[in-house]
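Peer 1: Based on the provided sequences and hints, a complete structural model is requested.
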Amino acid sequence: MQDAEMFWSASHDELKQGYIEEENQFICLLCGNTVQKGIVYPIDGTLYEAERYMRIHIENAHQSVFEYLIDLDKKLTGLTDHQNRLLRLFYQGKNDAEVQEEMGIGSSSTIRNHRFVLKEKERQAKLFLAMMELLKDKDKHAPAFVPLHQKARMVDDRYNVTQDEKEVILKKFFPQGSQAALSTFPPKEKQRFIVLQEISNRFKNDQKYSEKEINQILEAAYHDYVLLRRYLIEYGFLDRKPDGSQYWLKK
459 MQDAEMFWSA SHDELKQGYI EEENQFICLL CGNTVQKGIV YPIDGTLYEA
509 ERYMRIHIEN AHQSVFEYLI DLDKKLTGLT DHQNRLLRLF YQGKNDAEVQ
559 EEMGIGSSST IRNHRFVLKE KERQAKLFLA MMELLKDKDK HAPAFVPLHQ
609 KARMVDDRYN VTQDEKEVIL KKFFPQGSQA ALSTFPPKEK QRFIVLQEIS
659 NRFKNDQKYS EKEINQILEA AYHDYVLLRR YLIEYGFLDR KPDGSQYWLK
709 K
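Its first residue numbered 459, the sequence shown is counted upward by one per residue in the numbering used here.
One thing to keep in mind: the hints can contain errors.
List time: in silico DSBU-like cross-link candidates among lysine-lysine, alpha-carbon distance up to 30 Å [stated by the list, open to error]: (1) K579 / K533; (2) K533 / K646; (3) K533 / K577.
Hints listed in this document are in silico derivations from the structure and should not be mistaken for laboratory results.
Peer 2: What follows is the structure, encoded as structure tokens:
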């Protein structure tokens, strides 16, 4: 997916701000929403230039970049559930005593120790990132992997697919082109990931679909649209309301 590739290739600073700047537009890394330069955007009677409007969009649509990132699968963030909760409380501005009381663990000194462990993780991440950047210039044999969508679930070996493998899979299961119907539903997890990723491109960002609309789109891809719908949700491509009245592309 283009949005996923853009997300994972963004710089550290771009990821922190949640959007990238191109020649004529700003693009939200969290959902793909675009804002054109040279246009003023009204909100409640106030006019905002494009970049400021993009920051407002992130606040309104995603709360904050931090909130979006902390909600990603723990295999993407590398955080344990315990560390995730600590970071959320720290982000809320709580002091060590308040965090200790809310989590009901140890003492204030225990929380300070957790802070130290998190800082150590930060230092390790910086060094690892630097080494991986340096490695790019030397490792001529590294394959190009298919980028994960940010809301991927159950992140495991099924996502270990190269771009070359992706092309083979698409030709096999979409012999008449990726906008045509599936020849059959893939039996293997890696194949399903690629096929479902391709089908998810048939949905538009920031659009809500009724179950009937979802079924019509999926039926054009495969006769068993209920199966497709279930797997698209399972793999984190689609989300829905609990009653199934609305569906949307998950970002």
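Peer 1: Evaluate each hint against the coordinates.
Peer 2: Against the structure, the hints:
Between K579 and K533, the direct Cα distance comes to roughly 15 Å. Compliance with the 30 Å bound is thereby established for this hinted pair. Between K533 and K646 the CA atoms are separated by roughly 21 Å; this keeps the pair inside 30 Å, and the hint holds. Taken as a hint, the K533 and K577 pair is honoured in the structure, with Cα atoms around 19 Å apart against an allowance of 30 Å.
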